[in-house]
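A.B. asks: For reference, the chains in residue letters:
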Amino acid sequence: MLTANPQLTPDKKLRHLLTTEGLPKSLIENILDTAAQFVSVGDRDVKKVPLLRGKSVFNLFFENSTRTRTTFEIAAKRLSADVINLNINASSTSKGESLVDTIDNLIAMDADVFVVRHSQSGAAHLIAKHVNQVRPNVAVINAGDGRHAHPTQGLLDMYTIRHYKKSFHNLSIAIVGDILHSRVARSGIHALTTLGCPDVRVIGPKTLIPTECERMGVSVHHDMMRGIEGCDVVMMLRLQNERMEGPLLPSAQEFFKSYGLTAEKLARAKPDAIVMHPGPMNRGVEIESTIADGRQAVILPQVTFGIAVRMAVMSMVGVSRGEVA
Amino acid sequence: MRLEIRNGRLIDLSGSNDGRDERATLYVDGAIIAAVGSRAPDGFMADKIVDAAGKIVAPGLVDLCARLREPGYEHKATLESELMAASAGGVTSLVCPPDTEPVLDEPGLVEMLKRRGWTLNQARIYPLGALTAGLKGETLAEMLELAEAGCIGFFQADRPIVDTSVLYRAMQYAATYGFTIWLRPEDAFLARGGIAHDGEVAARLGLAAIPTSAESVAIATICTLMRETGARVHLARLSSAAGVELVRRAKAEGLPVTADVGVHHLLLTDRDIGYFDSQYRFSPPLRSPSDRDALSAGVVDGTINAICSDHTPTDEDEKNVPFGEATPGASGLEMLLPLALKWAEHASIPMSTALARITVNAAQVLGKSQGRLVAGAPADVCIFDPRAFWAVTRETLVSQGKNTPYLAREMQGKVTHTICAGRLVYAA
Numbered sequence: 001m002l003t004a005n006p007q008l009t010p011d012k013k014l015r016h017l018l019t020t021e022g023l024p025k026s027l028i029e030n031i032l033d034t035a036a037q038f039v040s041v042g043d044r045d046v047k048k049v050p051l052l053r054g055k056s057v058f059n060l061f062f063e064n065s066t067r068t069r070t071t072f073e074i075a076a077k078r079l080s081a082d083v084i085n086l087n088i089n090a091s092s093t094s095k096g097e098s099l100v101d102t103i104d105n106l107i108a109m110d111a112d113v114f115v116v117r118h119s120q121s122g123a124a125h126l127i128a129k130h131v132n133q134v135r136p137n138v139a140v141i142n143a144g145d146g147r148h149a150h151p152t153q154g155l156l157d158m159y160t161i162r163h164y165k166k167s168f169h170n171l172s173i174a175i176v177g178d179i180l181h182s183r184v185a186r187s188g189i190h191a192l193t194t195l196g197c198p199d200v201r202v203i204g205p206k207t208l209i210p211t212e213c214e215r216m217g218v219s220v221h222h223d224m225m226r227g228i229e230g231c232d233v234v235m236m237l238r239l240q241n242e243r244m245e246g247p248l249l250p251s252a253q254e255f256f257k258s259y260g261l262t263a264e265k266l267a268r269a270k271p272d273a274i275v276m277h278p279g280p281m282n283r284g285v286e287i288e289s290t291i292a293d294g295r296q297a298v299i300l301p302q303v304t305f306g307i308a309v310r311m312a313v314m315s316m317v318g319v320s321r322g323e324v325a
Numbered sequence: 326m327r328l329e330i331r332n333g334r335l336i337d338l339s340g341s342n343d344g345r346d347e348r349a350t351l352y353v354d355g356a357i358i359a360a361v362g363s364r365a366p367d368g369f370m371a372d373k374i375v376d377a378a379g380k381i382v383a384p385g386l387v388d389l390c391a392r393l394r395e396p397g398y399e400h401k402a403t404l405e406s407e408l409m410a411a412s413a414g415g416v417t418s419l420v421c422p423p424d425t426e427p428v429l430d431e432p433g434l435v436e437m438l439k440r441r442g443w444t445l446n447q448a449r450i451y452p453l454g455a456l457t458a459g460l461k462g463e464t465l466a467e468m469l470e471l472a473e474a475g476c477i478g479f480f481q482a483d484r485p486i487v488d489t490s491v492l493y494r495a496m497q498y499a500a501t502y503g504f505t506i507w508l509r510p511e512d513a514f515l516a517r518g519g520i521a522h523d524g525e526v527a528a529r530l531g532l533a534a535i536p537t538s539a540e541s542v543a544i545a546t547i548c549t550l551m552r553e554t555g556a557r558v559h560l561a562r563l564s565s566a567a568g569v570e571l572v573r574r575a576k577a578e579g580l581p582v583t584a585d586v587g588v589h590h591l592l593l594t595d596r597d598i599g600y601f602d603s604q605y606r607f608s609p610p611l612r613s614p615s616d617r618d619a620l621s622a623g624v625v626d627g628t629i630n631a632i633c634s635d636h637t638p639t640d641e642d643e644k645n646v647p648f649g650e651a652t653p654g655a656s657g658l659e660m661l662l663p664l665a666l667k668w669a670e671h672a673s674i675p676m677s678t679a680l681a682r683i684t685v686n687a688a689q690v691l692g693k694s695q696g697r698l699v700a701g702a703p704a705d706v707c708i709f710d711p712r713a714f715w716a717v718t719r720e721t722l723v724s725q726g727k728n729t730p731y732l733a734r735e736m737q738g739k740v741t742h743t744i745c746a747g748r749l750v751y752a753a
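Note that the protein sequences, when read in sequence, are chains G and R. The letter at position 286 of the first sequence is residue 286 when you use the numbering used here, and the numbering goes up by one with no holes. The letter at position 425 of the second sequence is residue 750 when you use the numbering used here, and the numbering goes up by one with no holes.
No wet-lab data here; the hints were simulated from the structure. C-beta atoms are modelled at their ideal positions from N, C-alpha and C, and glycine is treated no differently. One or more hints might be untrue.
So the derived list for chain R, only partly shown, Cβ under 10 Å to chain G, looks like this [said to hold, decoys possible]: (1) GLU525; (2) ALA533; (3) ASP642; (4) GLU650.
EDC-like, lysine to aspartate or glutamate: derived pairs with alpha carbons at most 16 Å apart [as the list claims (entries may be wrong)]: (5) LYS667(R) <-> GLU735(R); (6) LYS129(G) <-> ASP642(R); (7) LYS373(R) <-> ASP354(R); (8) LYS461(R) <-> ASP424(R); (9) LYS206(G) <-> GLU264(G); (10) LYS129(G) <-> ASP602(R); (11) LYS257(G) <-> ASP293(G); (12) LYS129(G) <-> GLU641(R); (13) LYS727(R) <-> GLU641(R).
What follows is a set of in silico ranges between Cβ atoms, one per label pair, in the way DEER data are often shown [claimed, not checked]: (14) ARG719(R) <-> ALA36(G): 48 to 54 Å; (15) ALA108(G) <-> ARG517(R): 35 to 41 Å; (16) SER615(R) <-> SER219(G): 20 to 26 Å.
Chain R with its partners taken away, still in its complex shape (with noise of 0.2 Å):
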């Protein structure tokens, strides 16, 4: 199949200056991108024309997280409306971590999930293996023989490792065959039974809070271990200034680390809470406006490389419940492109830079080719229209899980046209 996306505005951050932004169209030739610019490839017959006028033809969207719950939570979601929804949204990569059921720490479980995927046809899916078996902290994971099933990385998830020295064989471990360790930094005891932010809102709803040192504390402890066994470490869904800091500080002394955070995290504080609204509850905790400042001037400075959607689908009942007894997190899949775009003008930056840290700078995390708009790269493709509101509802969301804090709120930049390895997956 060809394909010719015309009249686009392309952006594409992914050169050494400061890329591409203008009017040019992409040669799609199979899962290739054939060239970029007016001229067509000698020979080359469009098989399809995409007509991208007023649109932004972007590359694939990157996603670092995103829970599809199969095996084990169909209830909640399964892979093939999570994948649906991801094409809905732009996203032609994604992460999807262990905490399924069973969990993902066999290599039959990882090869099964790919395989599956793979029949759906949407975005490429990138496993986490799980860190240790069944995720409980105490005896390693078969990294070999889950990387060579696929897993790109390995992730303990959001159950944080009790035992350091666990952690410090697992990190040594993993140095020893050049995988990366996937961490969210949280230290279990301090966080332990938390559900909200220690500050001024967790004091007045009465809410058990979890301090910021639980996230600095952890990323100190990972630094110290990363210095002396050499591990390569990502640090997922950081939440704090501090933990911000000590990231910033770990790049400079040129430790071997990269990070994320949620997209909600860039936007949203606990004050918005309000009167208990369990959509408002995620793990790690939405935390002052300080904390989501400092956050914001983490993406935009790079000490974090990548904005996630932290994509978690629940079933309705397990949010109409008292705040501390929902689950956290929210559906976020169809949310990372609009939620980004909406972040780039808060924070007054380029489109560009907000569009680069969920598409070619998540996928350097993963020392993956996608996320570029040139010749040769594979045809991963978003085309969005950034100038189209559309409403959040039950309807138009095509996840299965609709719990978010936007549901009935307006987003503004819709996808029109998901590309993924060359095949047309998303229409709108």
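Same shape as in the complex, but just chain G (with noise of 0.2 Å):
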């Protein structure tokens, strides 16, 4: 049954970040907003702003990821706050530790923000329910769950696309390969639609895209050189290596003919298209690399608003976290 929507207070502030879908779209400007502010920290000699003084966060990390811990642990070293990194991997799940009692066991330590990735869907989810249930003032971050969102990485794509095309309303944008395995793709697509983004597209063999996608708000395309046409933002995912051969692809060189992002494919997009990839890259497999170093790419700037980004997220969270106590 449909509830109410369990990321935000009942005065509509970011009490959790769960997914992008069904944040307002006043709630997205103000983490971008929140974010620019952020940007220049990084410049300065003194890393740091005291937001999160006193505060601890765990990095919970069911599933491996250096880029992504990493970044989140800066973010929160330059608020200020403790970072206690913990990769659980599938180790505790074997010795029959449910989720929800390692949840306990780490909110007996007094953590104040949760940052969580899990191999599956909807586990933030459910430690956000669990965490309102036994200590209310607790937040909880997702860093990606599943197939189902990464809600960090769809801000800070948001936040790369709005530095670089200042507005959403005349865009024609791309997300070119695997939608189905994608959370980064429902991230950036929800976000797309809530900011007014007019075109979305989503390219890839059938394979790859899921059923009944276009009700996501998105059209759906199989021919790339088609798909990418007039494109102001072409958005690159990963492919996962298991997903190279089998039943889904026949191999990686076949998926690059007709879904890596080439010259050729690219000079079908605007002149001044930008191209964004949320790492790590398989060069020569999504991307040529000639196209990953030229100067269409934003792809490492992506990197430096991710933690702009995340640092407005968990100062959101934590200050929302504050008023509840």
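Taking the hints as your guide, dock the two standalone chains into a single complex.
C.D. replies: Here it is in structure tokens:
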């Protein structure tokens, strides 16, 4: 049964960040504006602000990640929080401890913010629901749950697009590759449609596009040359190694032939189109090296903006946390 | 013991015409209905009188699928707790699937289950034996021995047979003895790893999907093998519009096939999953609104013979995990009647049709004489107040399984008395 949006407080402030879906447009804009103030922190000699001093941020990674965990860690440290990194992997579940038991234990260690990555779609929602019951002043930030959502990635992508393109209202945006398994794609799509982007296209083979994907407000293309036509933004997705050959795709090479971003294909987009990728990149699978390193690529600025966006989100859930308490 | 149930509105759809729906008295003598009407049989002296004024007197419910969890899963539920739940839900006959631990693939286990059930003195238990040894889908279970021990059919539970040649041989063998095979139509490959209906909700939530073709491919295979082997098949838990249509055609063709649907699938859809609510994880998955509507139409026109509870009690920990790790299914014995009534209201059909699908029509699938309120029939009776509301809570549910999407919701239709084989097994 659908209940109130679990990531918002009754007065529509950010309580947890679980997905970009259902976030009010004003709240997304608020996050991006707050992030803008944090971008310059990285340029200072003292790269710290005291917003979360005395707070404990627990990086709770049930799935391997170096990049995302590191950017969250940097973001938390720049906000002066104490950061505890926990790589739980599958070992704790094989010891028989359930997810909620793990959370209860960490709550007992006085966590203030959980940054959670888990292989199951909906894991962050489950944790948020549980936290609401047992310790309502703890916040949950979803750092990727299964195929479902990776909202800070979606928001940093919005930040990047807004940085280069200023507004969303006249943009055509193509998201290319493995949509089916991509939480980055889902978070991007919901954020883009909320922000008023009129033309969101997803491009990929039928095996990697979910059924009824159009219902998310996108158009579906299988021919990349046509799908990329006139785009302002090209968002490439990472293709997981285990999907490169098997029943979904015959080979990485064949995928690259149809859906890898090459100079020839990019030429069909607008001349000032930007190229994005959430990383880590498979050069020669999703994207040609010359494009990845080329003048249209904004892949490294994405990483920099990612820290600012994560600082913004952490400070907002941290502050609204303070108000609750 | 002689019972007289008076002043109630008797509904019985077993007759050849429209059946009975009138105020009448029911006279029970021992385990049999002695008479129905206004006149007591000669010399009838009631030991007990039940006043059913304002209530409906219906046949005891026949549930085509209730997991009792014994042997092996006593932490989820016990025979005792679930048979009490059955009585509280007005269920007097229930079919239990073989997916226990150990699996019901040995006559000794079946006899033990029947004996345990017998001593508890509640609903009648009709076990389904495993179709294949250990439900592994490799070698046939001893069907003849199991039938002699009391199995009314053979079921592969929720573990579809991967090897079609085993299915073919199982059907041939069952047809030799005229046994009915129960199958949940699901192609093992198309359903592999899936947890939700293949549609916009799975797309949005990023849940691995099960296409409706998993069901239709399986039904097409089963029907083809039925034509070749002459086996009689009961298709359990239909979930899709395509599946209903294939069964409709199979019946038109004259194949000896029957079918049922879980009551939740008549009311809920994948939209109800909301924010990953694991109480809405079912197997087969809840599908789209158009699938639900097709299932509903299938029950109305009789393509789907019966509605069952698909009772699946679990402990709370099994639902308090991410959606994809949650055990599918819901506790349902006590919800079968009120949900069937709710469905009748939504589908704008007479209450008596809904009652028939959970009584006489279900009994017909089993080839049993229950589900009728006529002289000489087994005295299995469910008396309920159709206007009474009750709240579904952990406390009001008798079943040990508190896992239901309807927790903290109100139900209309409350069982007040359950009589099984002439014994008053439940009184509110």
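A.B. asks: A separate judgement is required for each hint: does it hold in the structure or not?
C.D. replies: Checked hints:
Because the smallest distance between the Cβ of GLU525(R) and any Cβ of chain G comes to about 4 Å, under 10 Å, the interface hint for this residue holds. A hinted interface residue such as ALA533(R) counts as satisfied when its beta carbon comes closer than 10 Å to some beta carbon of chain G; here the least separation is about 8 Å, so the hint holds. Look at ASP642(R): its Cβ gets to within about 6 Å of chain G, closer than 10 Å, so that hint holds up. This hint holds: GLU650(R) has a C-beta 6 Å from the nearest C-beta of chain G, less than the 10 Å allowed.
Taking the CA atoms of LYS667(R) and GLU735(R), the gap is near 11 Å; set against the 16 Å cutoff, the hint holds. For the hint linking LYS129(G) to ASP642(R), the alpha-carbon distance of about 14 Å falls within 16 Å, and the restraint holds. Under the criterion of a C-alpha separation no larger than 16 Å, the hint pairing LYS373(R) with ASP354(R) is consistent with the structure, at around 11 Å. With a C-alpha separation of about 11 Å, the suggested pairing of LYS461(R) with ASP424(R) holds against the 16 Å cut-off.
With a C-alpha separation of about 23 Å, the suggested pair LYS206(G) and GLU264(G) falls outside the 16 Å cut-off, and the hint is violated. Proximity of LYS129(G) to ASP602(R) is assessed by CA-CA distance (about 10 Å); at most 16 Å being required, the pair is judged to hold. Restraint check for LYS257(G) and ASP293(G): not satisfied, since their Cα atoms lie roughly 19 Å apart, outside the 16 Å limit. This hinted pair checks out: LYS129(G) and GLU641(R) have alpha carbons roughly 15 Å apart, not beyond 16 Å.
Simply put, LYS727(R) and GLU641(R) have alpha-carbon atoms about 7 Å apart, close enough for the 16 Å limit, and the pair holds. Taken as a hint, the range 48 to 54 Å holds for the pair ARG719(R) and ALA36(G), whose Cβ atoms sit roughly 49 Å apart. Checked against the given bound of 35 to 41 Å, the beta carbons of ALA108(G) and ARG517(R), roughly 39 Å apart, stay inside it. Separation of SER615(R) from SER219(G) is about 23 Å and conforms to the stated range, judged on CB atoms against 20 to 26 Å.
Violation of the numbered hints given earlier is confined to hints 9, 11; the remaining hints are satisfied by the structure.
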